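Protein sequences appear in the order of chains Y and Z. Those letters in the first sequence? Residues 1 to 260, by our numbering. Those letters in the second sequence? Residues 261 to 548, by our numbering.
In short, the hints are calculated from the structure, not lab data. No experiment lies behind these values; they were computed from the predicted model shown. Backbone N, C-alpha and C fix where the C-beta goes; we use that ideal spot for every residue, glycine too. Mixed in with the good hints, there may be bad ones.
[What the hints assert, rightly or not] Restricting the straight-line Cα-Cα distance to at most 27 angstroms, the calculated cross-link-like pairs of lysine-lysine (BS3-like) are:
no.	chain 1	residue 1	chain 2	residue 2
1	Y	Lys160	Z	Lys467
2	Y	Lys160	Z	Lys333
3	Z	Lys293	Z	Lys389
4	Z	Lys377	Z	Lys413
5	Z	Lys391	Y	Lys160
6	Z	Lys377	Z	Lys389
7	Z	Lys468	Y	Lys163
8	Y	Lys157	Z	Lys389
9	Z	Lys389	Z	Lys413
10	Y	Lys157	Z	Lys391
11	Z	Lys467	Y	Lys157
12	Y	Lys163	Z	Lys377
13	Z	Lys468	Z	Lys377
14	Y	Lys160	Z	Lys293
15	Z	Lys391	Z	Lys467
16	Y	Lys184	Y	Lys11
17	Z	Lys377	Z	Lys391
18	Z	Lys377	Z	Lys467
19	Y	Lys157	Z	Lys377
20	Y	Lys184	Z	Lys293
21	Y	Lys157	Z	Lys468
22	Z	Lys389	Z	Lys333
23	Y	Lys163	Z	Lys391
24	Y	Lys107	Y	Lys157
25	Z	Lys391	Z	Lys413
26	Y	Lys157	Z	Lys413
27	Y	Lys163	Z	Lys333
28	Y	Lys157	Z	Lys333
29	Z	Lys333	Z	Lys391
30	Z	Lys389	Y	Lys160
[To be verified] Computed, partial: chain Y to chain Z, Cβ under 8 angstroms:
no.	residue
31	Ala146
32	Thr147
33	Glu149
34	Glu151
35	Asp154
36	Lys157
37	Lys160
38	Ala161
39	Asp165
40	Leu167
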Amino acid sequence: MQRILDIAREKAASTALIIGVFVFWELFCLAANISDILLPRPTQIIAALIKYWPAIWPHTYQTLYTTLVGFAFGVAIGVAIGVLIGSSRLAYDTAYPLLVGFSSIPKVAVVPIFVLWYGAGTVPAILTAMIICIFPIVVNVATGIATVEPELEDVMKTLKASKLDILWNVSLPRAMPYFFASLKVAIALAFVGSVVAETVASNRGIGNMMMIASSSFNVPLVFAGLFVLAGLGVLLYAIFSLIEHRITGWAHRKTDLAAG
Amino acid sequence: MNVMTASSSIAAPIARPFIAFEQASVTFGRGEKAVQALQPTDLTISEGDFVALVGPSGCGKSTILKMVSELLKPSSGYVFIGGREIGANPIRIGMAYQNPTLLPWLNIRDNVMLPLKIVPPFRGEFSAKRKGEFRDRVEALLAQVGLSGFGDKYPWQLSGGMMQRANLCRALIHDPELLLLDEPFGALDQFTREELWAIMQDLWLSKKLTVLLVTHDLREAAYLANRICVMSMRPGRILDDSPVDMPRPRTIDMTFQPDFVALNQRLRAMIVGARGGTGIVNHPPGQG
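Turn these sequences into a full structure, and let the hints guide you.
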């Protein structure tokens, strides 16, 4: 019970800020008499969210699906490349310029190419989500692996440990905090990727729904789409934070871990 | 110069030294930028011996350790272990550095157990015995260094001295034939260090393994070792190789007795000479 109270006290300030922002938004719109076609009030947005929920839900599901599938592929590829270039100086020097160049391309620009290859719909959204989240994962995993203490590596080599032994027992666990930090960035980026692709070329998904809503001047529904995206983003971020804390608690050195 | 020359490798198997350097030298880099770290060196260490390497910083002490542990190949000459050229006859080696490098995500027990997961023959039995025999083995070793009951703690919950004890346990858990120590007690305070000397001596006396210790601390070298090799400035060579004729087990009190102090002073004078200084700080900076 005491713990719940502690957490509540910790979270009180941020909760107050969130509520404050919405209250300010609501009052500002009322006071300045802003039309809901320009900027709807939070209460109108929530009303739209409830009213259109049966229509919003399939789009939400579609966006969540493309984001998560793209994210999963992105993580798998990102970890593989990260491990590769993190464990070999040569691979690092060889591949890094290409990776930087690749990541500098605005991902919106590649959506038309994916559409050209696969047609409009689910696949371009998945691919866009995937390529947008690879880079931060690669960089973080590679950094975690490349910064293993040389003394520790010597100790392992003296034990005649193979490269795989070192990777499995030392480098990978050591890279975990870096990896989870990158996951939280990557999941947010994956949403950006899939929504952008849906906006450009899809007939499903929150991005598409917002496009259609805005073309029919249903502005509260556009904002409801934003709320859904924000909600999904926060939810997934929270899930990864929780997993991160469970797995890499050692890196945060909280005293409560000692008991558990 | 009092360099011990290796008895030739044709000698009878019984007289064969455990470790033998024959004109082994190390040069880093190539061409004009080449830096010789170690001059051609002869050094023999017999089985069960405890040898300390002392000398100025950057004199190639660690280079010798790295050659023994196969992390570094000699640029010329040979290094033999157990009578065969290095690598041909893999022996079990334990290693401990000044930086304990315990893995922060494992508790002390699992940290100490790490070599059992990697080194054969323990490797094959690891999953079957990790909760039973190996666990008891770790607990016994932890008890020997005064860490009983600390197996469930994480490294950051331990003091520097305790971490270094755990580090020693990790270097010893797989019953190495050779223990390499690179300034393992360098970062500890005087009293903790002396405690660990006693622990190290007990471990050596009970396990009868061969130890090669690199240190800056002459008292440490004289307290622990059977033999002290003094090295010159880079490019390193062995200037002197003296036995320490003190009975075992040694005590801290003995380190303050006249003949012990005299040995220390002689070694110190030699190292000061090797650094090219008078002992007063008036030599050009940058070397050290």
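Hints and how they fare:
no. : hint                : result
1   : Y:Lys160 / Z:Lys467 : holds (22 angstroms)
2   : Y:Lys160 / Z:Lys333 : holds (15 angstroms)
3   : Z:Lys293 / Z:Lys389 : violated (51 angstroms)
4   : Z:Lys377 / Z:Lys413 : holds (20 angstroms)
5   : Z:Lys391 / Y:Lys160 : holds (24 angstroms)
6   : Z:Lys377 / Z:Lys389 : holds (10 angstroms)
7   : Z:Lys468 / Y:Lys163 : violated (31 angstroms)
8   : Y:Lys157 / Z:Lys389 : holds (24 angstroms)
9   : Z:Lys389 / Z:Lys413 : holds (21 angstroms)
10  : Y:Lys157 / Z:Lys391 : holds (25 angstroms)
11  : Z:Lys467 / Y:Lys157 : holds (23 angstroms)
12  : Y:Lys163 / Z:Lys377 : holds (14 angstroms)
13  : Z:Lys468 / Z:Lys377 : holds (24 angstroms)
14  : Y:Lys160 / Z:Lys293 : violated (31 angstroms)
15  : Z:Lys391 / Z:Lys467 : holds (24 angstroms)
16  : Y:Lys184 / Y:Lys11  : holds (20 angstroms)
17  : Z:Lys377 / Z:Lys391 : holds (13 angstroms)
18  : Z:Lys377 / Z:Lys467 : holds (21 angstroms)
19  : Y:Lys157 / Z:Lys377 : holds (13 angstroms)
20  : Y:Lys184 / Z:Lys293 : violated (46 angstroms)
21  : Y:Lys157 / Z:Lys468 : holds (24 angstroms)
22  : Z:Lys389 / Z:Lys333 : violated (36 angstroms)
23  : Y:Lys163 / Z:Lys391 : holds (26 angstroms)
24  : Y:Lys107 / Y:Lys157 : violated (42 angstroms)
25  : Z:Lys391 / Z:Lys413 : holds (17 angstroms)
26  : Y:Lys157 / Z:Lys413 : holds (26 angstroms)
27  : Y:Lys163 / Z:Lys333 : holds (19 angstroms)
28  : Y:Lys157 / Z:Lys333 : holds (14 angstroms)
29  : Z:Lys333 / Z:Lys391 : violated (38 angstroms)
30  : Z:Lys389 / Y:Lys160 : holds (21 angstroms)
31  : Ala146              : violated (16 angstroms)
32  : Thr147              : violated (13 angstroms)
33  : Glu149              : holds (5 angstroms)
34  : Glu151              : holds (4 angstroms)
35  : Asp154              : holds (6 angstroms)
36  : Lys157              : holds (6 angstroms)
37  : Lys160              : holds (6 angstroms)
38  : Ala161              : holds (5 angstroms)
39  : Asp165              : holds (5 angstroms)
40  : Leu167              : violated (12 angstroms)
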